[in-house]
Amino acid sequence: MTDLISRSTTLGRSTETPPPRMQSGRVELIGGPPPGPASIEAVDACAWFGDHLVLEGVDLLMPAGEVTALIGPSGCGKSTFLRLLNRMHELIPGAALDGKILLGGSDIYEVGRRAQQIRTRIGMVFQKPNPFPAMSIRENVLSGLKLARIKCDDKDGLVEQSLVRASLWKEVRDRLDRPGGALSGGQQQRLCIARSLAVQPNVLLMDEPCSALDPTSTGRVEETIAELRGDVTVVIVTHNMQQAQRVSDHCAFFLAEENQPGFVVEKGLTRDMFTNPIDSRTLNYVQGRFG
Amino acid sequence: MTDTYEIVEPVVGTTPVSSQFGNGSVVRSETNGGRNSRRPREFTSADVWSLAGSAISAACLNWLIFARFSSGAGWFGILLCTYVTFVAIFAVVTADRLGRLVAVDRVVTVIVMSAGVIVMVPLVLLVAYILVQGVKALRLTFFVHDQTGITPVLPATAGGGAHALVGTIEQVGLALLWSLPLGLAAAVFLNESRSKWRRPVRIFVDAMSGLPSIVAGLFIFAVLIIPFGTSGGLFGFNGFMASLALALVMLPTITRTVEVVLRLVPDGLREASLAMGASRARTVWSVVFPTARTGMTTAVVLGIARAVGETAPLLFTAFGYDLMNSNPFSGAQESLPLFVYRNIRKPDVNAIARGFSGALVLMLLVLVLFAIARFIGSDHSKRRNARASKNKVPAKNATPLDLTSTMFKGDLQS
Amino acid sequence: MAPIRAPRLIHDEPSRADRTFNRVTMAAGLSVLVLLTLVGFFLMWQSRQAIQVTGPWQFLTRIEWRTDVQPARIGVAGLLTGTVLVAFVAIVIAVPFGVLAALAITEYASARLRKYLIGTVDLLAAVPSLLFGLWGFLFLSGYVVPLSRWLTENLGWIPLFKTDAGASLTGSIFIAGIVVSLMVLPIVTAIVREVFSQTPAGEKEAAFALGGTRWGMIRTVVLPYGKGGIIGGSMLGLGRALGETIAVALLLPGVPEVSRKILQNGGATVSGFIANRAGADSFTTSGLLAAGLVLFIITLATNMVASVVVSRSRSGVGVEI
Numbered sequence: 001m002t003d004l005i006s007r008s009t010t011l012g013r014s015t016e017t018p019p020p021r022m023q024s025g026r027v028e029l030i031g032g033p034p035p036g037p038a039s040i041e042a043v044d045a046c047a048w049f050g051d052h053l054v055l056e057g058v059d060l061l062m063p064a065g066e067v068t069a070l071i072g073p074s075g076c077g078k079s080t081f082l083r084l085l086n087r088m089h090e091l092i093p094g095a096a097l098d099g100k101i102l103l104g105g106s107d108i109y110e111v112g113r114r115a116q117q118i119r120t121r122i123g124m125v126f127q128k129p130n131p132f133p134a135m136s137i138r139e140n141v142l143s144g145l146k147l148a149r150i151k152c153d154d155k156d157g158l159v160e161q162s163l164v165r166a167s168l169w170k171e172v173r174d175r176l177d178r179p180g181g182a183l184s185g186g187q188q189q190r191l192c193i194a195r196s197l198a199v200q201p202n203v204l205l206m207d208e209p210c211s212a213l214d215p216t217s218t219g220r221v222e223e224t225i226a227e228l229r230g231d232v233t234v235v236i237v238t239h240n241m242q243q244a245q246r247v248s249d250h251c252a253f254f255l256a257e258e259n260q261p262g263f264v265v266e267k268g269l270t271r272d273m274f275t276n277p278i279d280s281r282t283l284n285y286v287q288g289r290f291g
Numbered sequence: 001m002t003d004t005y006e007i008v009e010p011v012v013g014t015t016p017v018s019s020q021f022g023n024g025s026v027v028r029s030e031t032n033g034g035r036n037s038r039r040p041r042e043f044t045s046a047d048v049w050s051l052a053g054s055a056i057s058a059a060c061l062n063w064l065i066f067a068r069f070s071s072g073a074g075w076f077g078i079l080l081c082t083y084v085t086f087v088a089i090f091a092v093v094t095a096d097r098l099g100r101l102v103a104v105d106r107v108v109t110v111i112v113m114s115a116g117v118i119v120m121v122p123l124v125l126l127v128a129y130i131l132v133q134g135v136k137a138l139r140l141t142f143f144v145h146d147q148t149g150i151t152p153v154l155p156a157t158a159g160g161g162a163h164a165l166v167g168t169i170e171q172v173g174l175a176l177l178w179s180l181p182l183g184l185a186a187a188v189f190l191n192e193s194r195s196k197w198r199r200p201v202r203i204f205v206d207a208m209s210g211l212p213s214i215v216a217g218l219f220i221f222a223v224l225i226i227p228f229g230t231s232g233g234l235f236g237f238n239g240f241m242a243s244l245a246l247a248l249v250m251l252p253t254i255t256r257t258v259e260v261v262l263r264l265v266p267d268g269l270r271e272a273s274l275a276m277g278a279s280r281a282r283t284v285w286s287v288v289f290p291t292a293r294t295g296m297t298t299a300v301v302l303g304i305a306r307a308v309g310e311t312a313p314l315l316f317t318a319f320g321y322d323l324m325n326s327n328p329f330s331g332a333q334e335s336l337p338l339f340v341y342r343n344i345r346k347p348d349v350n351a352i353a354r355g356f357s358g359a360l361v362l363m364l365l366v367l368v369l370f371a372i373a374r375f376i377g378s379d380h381s382k383r384r385n386a387r388a389s390k391n392k393v394p395a396k397n398a399t400p401l402d403l404t405s406t407m408f409k410g411d412l413q414s
Numbered sequence: 001m002a003p004i005r006a007p008r009l010i011h012d013e014p015s016r017a018d019r020t021f022n023r024v025t026m027a028a029g030l031s032v033l034v035l036l037t038l039v040g041f042f043l044m045w046q047s048r049q050a051i052q053v054t055g056p057w058q059f060l061t062r063i064e065w066r067t068d069v070q071p072a073r074i075g076v077a078g079l080l081t082g083t084v085l086v087a088f089v090a091i092v093i094a095v096p097f098g099v100l101a102a103l104a105i106t107e108y109a110s111a112r113l114r115k116y117l118i119g120t121v122d123l124l125a126a127v128p129s130l131l132f133g134l135w136g137f138l139f140l141s142g143y144v145v146p147l148s149r150w151l152t153e154n155l156g157w158i159p160l161f162k163t164d165a166g167a168s169l170t171g172s173i174f175i176a177g178i179v180v181s182l183m184v185l186p187i188v189t190a191i192v193r194e195v196f197s198q199t200p201a202g203e204k205e206a207a208f209a210l211g212g213t214r215w216g217m218i219r220t221v222v223l224p225y226g227k228g229g230i231i232g233g234s235m236l237g238l239g240r241a242l243g244e245t246i247a248v249a250l251l252l253p254g255v256p257e258v259s260r261k262i263l264q265n266g267g268a269t270v271s272g273f274i275a276n277r278a279g280a281d282s283f284t285t286s287g288l289l290a291a292g293l294v295l296f297i298i299t300l301a302t303n304m305v306a307s308v309v310v311s312r313s314r315s316g317v318g319v320e321i
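Those protein sequence lines, which keep their order, are chains L, W and D. Mapping of the first sequence onto the numbering used here: residues 1 to 291, in sequence order. Mapping of the second sequence onto the numbering used here: residues 1 to 414, in sequence order. Mapping of the third sequence onto the numbering used here: residues 1 to 321, in sequence order.
Extracted from the complex, chain L is given alone in its bound form (with noise of 0.2 Å):
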């Protein structure tokens, strides 16, 4: 396991032999990430947008394997945290950071790595569902090994096991070439799921996937947060208090006074944090006394 995640630290081109399958069933790919769920971890991690800095001192592990939920009120800068985990951040004109983002040990924003291949390991599902409406499904599912250039030789069985995964191959398997705009708002959001984790990431970032659905199609998400758990380590954005508890195993909440950066006010084990909280802020929050 650890000779797997060390080896993820491979910059340059990825000619090497891909390891032996690690579950039974998994689609082997050519030339993508390495397999496996892998921790992810933000050290004094910092933002800025311009010279306005929006978030401090963000120290957080999420261990491999595991689901982490980022709660807090809006405005704190949970989603420029995520955003800061896949290199998104730095797409913004003016956008800044500081700190280290560290993928299996070693820093993702380490002088000499390219921010495209960091992609390809840590995935992101956005808020609102973007499929590529000119591609077919089975093409929508397929787009991310395109992107990036990974070969693939059992392609009809990449795209039924990602869409299992995401819990949409039931519902789309005869009729995967049908254009992938026209499914509905929650179906759009599971194929966008299936296409990231087509690729097979070590990590996958949700930014409050669920907020512009309604309940079946949430709780359909929530089905598939909670199988990937041993897969993919998740790291989920989330207003809903509810949904934080009912998928997550760590809890990390943020939290910006007036004018200030946001940052880290408790962290823990979900349990813990929602039963017994230590900070009296983190309790008021999840007593619903403020949002």
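Since the hints were made in silico from the structure, they are not lab data. No residue lacks a Cβ here, since even glycine has one placed at the ideal position from N, Cα and C. One should not assume that every hint holds.
Stated by the list, open to error - Residues on chain D that point at chain L, a partial pick, calculated with CB under 7 Å:
#1 Pro14
#2 Ser15
#3 Ala17
#4 Asp164
#5 Ala165
#6 Gly166
#7 Ala167
#8 Ala206
#9 Leu210
#10 Pro224
Given the coordinates of chain L, work out where chains W and D should sit on it, guided by the hints.
Same frame as chain L, but now just chains W and D:
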């Protein structure tokens, strides 16, 4: 091929520091509120060396081939081959260094950026050429004299284009008089009313913007001048006829541009006004127009800039004339573009030089109008933004640049 | 059974101000309609004379234009060929550069470079075509002729690049096409740029988050989205190229002919041809009007197709054509 790299040590201070180590990426560090922020960058020093190296080796290779082994290739052939070789070498080098995926991305970046640069070249060459050639014969007398008594023997600085300037001002002025009120009212009709005639009118206006301007001039010539103007007078060759032809060309453009400007006014403002009990007319007058005022002014100024440069409609209507004629309603009249056009085609060198001075004046006039339009637009949006940030209201921009594009999208002929 | 519900008719008594407003604007709209109908009608009426003498089919297919014989033998086939060829060269050059420039502006350039690029394109649109023609005629021509020579010597086996031995290479359709392309470029760039800038940000983010490079993202999201805009913009540019008058009048010799040899001297376009015959007699004018009408119809058709293509596509919904 494995990369060697070192971690950057942030330097305390406000000047950005870039580090270059082997394949390392450039990281700019600055102090920011007591901490050192980093902005990861993708383009490294190694990339710069790859680019430069590829360019140099491509140039050398092509020089070798063309100078030694081949002959009679034009400048274009050499340039093209050098560029292609450069891209090929760069592609191979980057593919070896960073893999095919990144190599394709970098090559596309190079191609796109070179296209952007190439696009700027003709404009620079054109403006420089007109400037250089026009300045030779341009004197202040240009703005005072006309072409009375000019023979091919006289130097290019003799005479002037005052008659042309007067003609342009009068013709464009009259054309504005015909087309602006009608165009404005039509734009208001299209955007602010709820009539069922809107659709046909819009289709007709769009269709008419496709009328070639030469046909507009020809039309006036055939329908008004030939039957009624054989003996000169109001329907003979004169500035008035030219203004009619110009108005025919300007009307669809003004209508469409003003309509776009009106459409940019948010509906919320109209709703608020109607909710307070204002009639539709008052809403348009007191709410929509003031909000759209800058955009409309910009549209008008741009319309003038276009009309000033129109030559084709004038050929059949104003016809051109060498002497000052300040009466647009009688007698052939000169205009600035006509002046240039007629002089450029004459065989003697001095006339051509005179034409160039006219061309320079025309170009400067158009550029000045253009700059005024931009200034009006940006000045307003700057003031609006300043006001908005004071009131903490999000500011909305009808960017003057977008308006220019809309304006010239309607420019389908000349 | 529940009673069927039907909505009530709404009445609104317009105020006096509103009545006047409606009347004035309606008058403006309708007078524009009437004016343009009159223009169309008189165009057709006036060209009737020439068409009657030559016959409509002959007018469209005859190449020569001779008013000195009786009955006059005039036709637009040569003129149309020249028009189409010049427009073709212009489009072939302007569309790729326009799309690349639009990509540069929206996806690649830094804020400063973007300002310069946009300014350049807008200035190219602002400069009167007379100045383009002048520059092309007296400056560019000299530099393009060696290029034409290189093309015909090295690639002369391509039918388009063949030239007659010893033919002059100035005043060619090729040079005219290059100059016209500079006038088409701003139109294509403006429309394609607007379309590219409206690409949904969510899809672009998704492409990056999946590990795509910038080109991968453009290929997957921006270009499919902008397809309609690219086609529409090209067709609008085509309409512009077909109607270009002054630059062509200065560059081409204006002799109607049907020839594929774009690199050598020769050719005429409809509008350039008309421009060179200012002040002609009434019969020639009628013929010229007929030629102008044909050109107008072609340009109209091109623009209508462009509008339809753009409005039907995903990207065109917000775009103004």
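Q: Quick one: which hint numbers does this structure break? Sort them smallest to largest.
A: 1, 2, 3, 4, 5, 6 and 7
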